[in-house]
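S.K.: Build the full structure now, drawing on both the sequences and the hints.
Protein chains: 2
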Amino acid sequence: MRSTGVGRPKVASRQIIEDAAAELFLENTYSGTTIDQITNRAGVSRATFFNYFDAKSDLLWFEVDRAIDSLSEACVREASASSVATLRSVLLEIAADFDERRVPLALTQHEVMGATDEVMQSGLVRVAREAKVFGSFIAERHRRPEDDMLVCVAGNALAGAVAAAWVAWARAGIGRAPLEGYIRDSVDVILPGIEAALAPGGD
Amino acid sequence: MRSTGVGRPKVASRQIIEDAAAELFLENTYSGTTIDQITNRAGVSRATFFNYFDAKSDLLWFEVDRAIDSLSEACVREASASSVATLRSVLLEIAADFDERRVPLALTQHEVMGATDEVMQSGLVRVAREAKVFGSFIAERHRRPEDDMLVCVAGNALAGAVAAAWVAWARAGIGRAPLEGYIRDSVDVILPGIEAALAPGGD
DNA sequence: GGCTAAAAGTGTACTGAGTCCAGAAATGCC
DNA sequence: GGCATTTCTGGACTCAGTACACTTTTAGCC
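The listed protein sequences derive, respectively, from chains C and X. Using our numbering, you'd call the opening residue of the first sequence number 27 and step up by one each time. Using our numbering, you'd call the opening residue of the second sequence number 27 and step up by one each time.
Rather than coming from a laboratory, the hints here were simulated on the basis of the structure. A portion of the hints provided could be inaccurate.
The list treats identical chains as one, so a pair stands whether inside a single copy or across any two.
To be verified - Heads up, simulated EDC-like pairs for lysine to aspartate or glutamate below, C-alpha to C-alpha not over 20 Å straight-line:
{"id": "1", "residue 1": "K158", "residue 2": "E137"}
{"id": "2", "residue 1": "K82", "residue 2": "E44"}
{"id": "3", "residue 1": "K158", "residue 2": "E89"}
{"id": "4", "residue 1": "K158", "residue 2": "D143"}
{"id": "5", "residue 1": "K158", "residue 2": "D91"}
{"id": "6", "residue 1": "K82", "residue 2": "D143"}
{"id": "7", "residue 1": "K158", "residue 2": "D95"}
{"id": "8", "residue 1": "K158", "residue 2": "E221"}
{"id": "9", "residue 1": "K36", "residue 2": "E99"}
{"id": "10", "residue 1": "K82", "residue 2": "E144"}
M.R.: Here it is as structure tokens:
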């Protein structure tokens, strides 16, 4: 993210660290791998690691983080009439971008990673972030405060549904059907209820 | 939880540690308080702390943990016909037990605690645990596997809704209406959709 | 070439949570 | 008194994450 061309150029690319980490996680599990081991393999100092990542757990979820980034941006961009329908289409659109090669390690290699509390906890942070994105979107479209209960209910429930879809998709193994279908099936369970509640007089 | 009367009797009660912690959290925020400070004030050694609690964050959520314990037990006990209606009534029953004096510190004193990632993360673990309880209950009643996607969707969405209700309730401040109403309003947004999806042929 | 500013990387020391474990202290029972 | 059992303690350890001063590499400018 260098703005100008001035200054020392990056050599320790994010990618190198991510790759080294992925290798080590598969060899020794997530919690069995220390940041020192990762930086050693990547040929980078420990301090540099923290220039690129805020936490060790970021290495597990970068695909998901990027997806949520996309989601957040798309939510700002889109401006169709029904917010719920928009949300649905944005979600599916982003899901369509996710192919086999971008399944998060933490989900597919669930067994290998050891379903540590650590791993789960860092995943939950992503779900919560997504809930917040949903909530903000709905709040804005429906002129409700961000901390409105219905807004939070909708955001949380949606994020929970999406998380379940991700997990089911990842667990499906090689040859899995596209993520899109999973998302649609899960989200459609609760979207109608949310739409009804958000409709004027639905309170 | 001593089974027999034999052995050294407990002196450091859980309660003493909880109280010392609550004081310190309000004085210095959650993250500004170390376990050493807590054990010092409680007059207990650091090692003893970990005899009673698995983590510092357990001190923030014991009310919630107990509520989820009740929920889990109640789910096992109840055996009515419609699982969704049962879930709803169990939830409301347990909510009715929560009065003003049992609002979790982490939620009411949200500002004082500093909305640290730490605090949020440990709260998310509780939401996830609740989701699992819901999921197990639904799975059993509907003869579905625990990792069935619809089961997870339902569990996660419900837990998300309940979490939103808790937060809204805690934020409402002194004189807040009973938790029960919050739970009902939030859960009823999504329960119909779940019920429909779970109904035979609703897949 | 040398100087400077800026960005990237390094080294080191620190805090604090959580783990481990051996052993001390307090009890009931014989 | 001895004995098993439980609680409590002390100390050493690992590791994530923070802070900060310092060095290195580049571009641009003179």
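S.K.: Against this structure, judge whether each hint is valid.
M.R.: Quick rundown of the hints versus the structure:
no.	hint	verdict
1	K158 to E137	between (29 Å within a copy, 18 Å between copies)
2	K82 to E44	within (10 Å within a copy, 31 Å between copies)
3	K158 to E89	within (18 Å within a copy, 25 Å between copies)
4	K158 to D143	between (22 Å within a copy, 14 Å between copies)
5	K158 to D91	within (13 Å within a copy, 24 Å between copies)
6	K82 to D143	both (14 Å within a copy, 15 Å between copies)
7	K158 to D95	within (12 Å within a copy, 27 Å between copies)
8	K158 to E221	within (18 Å within a copy, 26 Å between copies)
9	K36 to E99	neither (27 Å within a copy, 55 Å between copies)
10	K82 to E144	both (10 Å within a copy, 15 Å between copies)
Figure legend: structure checked against the earlier numbered hints; the only hint not met is number 9.
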